[in-house]
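Colleague: Each chain, written out:
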Amino acid sequence: MTDDTDGMVSLMMEEAGAPAAVPAAADDAGTEAPAPIRMRARDVNVFYADKQALFDVDIDLAQNKVTALIGPSGCGKSTFIRCLNRMNDIIDICRVTGSITLDDRDIYGRDIDVVQLRARVGMVFQKPNPFPKSIYENVAYGPRIHGLARKGRELDDVVEHSLRRAGLFDEVSDRLQQPGTSLSGGQQQRLCIARAIAISPEVILMDEPCSALDPIATAKVEELIDELREHYTIAIVTHNMQQAARVSQFTAFFHLGELVEFEATEQIFTNPHDQRTQDYITGRFG
Amino acid sequence: MTDLAEPRLANAWQDADWTKRRLRRRYRAERRFKAYGIIAVAVALGFLALLIGSVIAEGYPAFVRTSVALEVDFDPKVLGVGEAPSRDELQKANYGKLLRESVFAAFPEVTARKERRKLLKLVSTAARFELRELLVDDPSIVGTTQRVWLTASSDVDMLIKGSAPRDVPEDERRLDDQQIAWIDTFDAAGFVETGFNGEFFVNADSREPEIAGIGGAIAGSFYMLLVTLVLTFPIGVTAAIYLEEFAPKNRITDMIEVNINNLAAVPSIVFGLLGLAVFINLFHLPRSAPIVGGLTLTLMTLPTIIIAARSALKAVPPSIREGAYGVGASPIQVVFHHVLPLATPGILTGTIIGMARALGETAPLLMIGMVAFIVDIPGGPFDPATALPVQIFLWADSPERGFVEKVSAAILVLLAFLILMNAVAIYLRRKFEIRW
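Chain order of the listed sequences is F and D.
Counting with my numbering, you get residues 1 to 286 for the letters of the first sequence.
Counting with my numbering, you get residues 1 to 436 for the letters of the second sequence.
Everything labelled a hint here was simulated from the structure, so no lab data went into it.
Quick reminder that beta carbons are idealized off the backbone N, C-alpha and C, glycines included.
Heads up, a few of these hints could be off.
For each label pair, taking beta carbons as the anchor points, the in silico distance ranges come out as [what the hints assert, rightly or not]: (1) D:249 <-> F:56: 25 to 33 angstroms; (2) F:56 <-> D:253: 32 to 40 angstroms; (3) F:150 <-> D:427: 34 to 42 angstroms; (4) D:415 <-> F:239: 52 to 60 angstroms.
Hey, can you work out the whole structure from these sequences and the hints?
Modeller: Here it is, written out as structure tokens:
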């Protein structure tokens, strides 16, 4: 995998050039104010054994923006998001080509430590998957293994801060030692978000974070995503087009492994360029 | 689908008769299947009850032992020692003569040489060692007369416990009419007693059924399982973790996997041959020793444990792994912090079941010389020893009638250990199980 991409790195560097630090004017959702690009994907192809799942995908993730990935089932949006923190490495038969950079460094490069990468690019999964440990331990685990906080007061603070930011602290403050799996589905998902932000990632990837939740829990998580945007760069895969419209500033529409359209959310939902996008968002297929 | 089926389908649920018939047929099929299941379980339980029942019926007399009381005059002259003998002197004194004199004294009317010899058959030949033990423990009884309870011979033991019938013709009996008469008079006088046979659990093997015990075999099995556990658990679990979590999936690991599965199915006697060739002939480890038995059983148990541990690891949901990788845990951290704790109950269960299989294994031990007749209890894994199942095999091979009950009793002890180990496996599984 690395062999394929090494050539790409140098090529990408030239192309990316200097504009990595465009001043951020990210105050208002929807405006086209240029934000610095944190992650850049170019010509990404993904293969599962011989089957190609993604074809030449180019996407940028802008700082403090939410980028939504939409598309019908099996279109490759989850596959793509899992490339961004190299989660696909776990799958033996999966092969990724092309280049993906984080702050202009190729994340598939030889000099990148994948463990550190995953700490910088956190992930929240489709099904809430808290560890079968206490609520406290769920959040404290990341900071502990990365040595981000000393045991005791400091770690307690990190846990509380993360739970607060995930909007969960008030609900669980009196039962931090109970198993994380005893929480409701929505709480579990927010616990997973707290777990992800406890290691202060720069980018958070969310793979259909609300698909297993009821509408009320979904609303809470959506609200949370909007708040988190202030501190993080977020990419979210969703099946729910209203959700994409509500929470994101940029939307990418995938179809059959191809990136059909990648635009500001407003643009996609009001005036899509491609007929397929038009059909999908109006519910004619998918 | 076809035109013919169309009307039937259309009105199917309106046709009460048809519905009822179909329902009845379905219920009948369900009842029939349930009956088959119950019959199968009943047959299995029946055979189990038969097996255990027959073993218990055959084996329980072995837990009871007959003793006879003799008035023993600890005469220094008979013993061939001085008035105040030293410990060393007492060790070497003539206890055979003491025993003979004591037996003859109990039946003063018997004087003929031939009859006296028959008289001696009533007490175990091991009784003289009991006398020695008594005297070495308390030298002050030299010169006094004491009533001493001594182990009866196996023939008397069988007779008293009813294992040897009295109503068969005299020449087919081990004891003749006269000997039975002696025993009966002795019994009537209160000089014969049966009691719990604690010696059975602490003694080692012997040629005399009445004093043969499984203590040596238990110690041998213990050392052997210790060696096996100490080797298989770390090696097996490490191999399983590596193969399951870290090894690249390629032709070599595929081949290793296939071979592990094959090894698990290799007949155990083959492992015995391997052990003989490698550990004894090549490494010159002592023959008949638990260390070699343990090493051989390690080879035999390893595939089982690797397979059990791998399936336990595989059963850990991938979402836990993803969650851990997602917060930036390294592969080692994922395995040791998350996967292994969840797989522990399965791994422990697999290990204990592997150990239980090793405990019951006989064939490979025959190949490495653990069938030897060993009368000492092994003091360590390098001492010659035998193992429980081999002891059963040895006794089952013995011609003496007295060993029959020993075989069943040893089987009971072996089964008790196996049940205990499986119970521990269940307990550990419950204890370490993490629900989510």
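Colleague: Compare the structure with each hint and give your call.
Modeller: Cross-check of the supplied hints:
no., hint, in the structure
1, D:249 <-> F:56: 25 to 33 angstroms, "28 angstroms, holds"
2, F:56 <-> D:253: 32 to 40 angstroms, "33 angstroms, holds"
3, F:150 <-> D:427: 34 to 42 angstroms, "38 angstroms, holds"
4, D:415 <-> F:239: 52 to 60 angstroms, "58 angstroms, holds"
Going down the numbered hints, you'll see the structure goes against none, and every one checks out.
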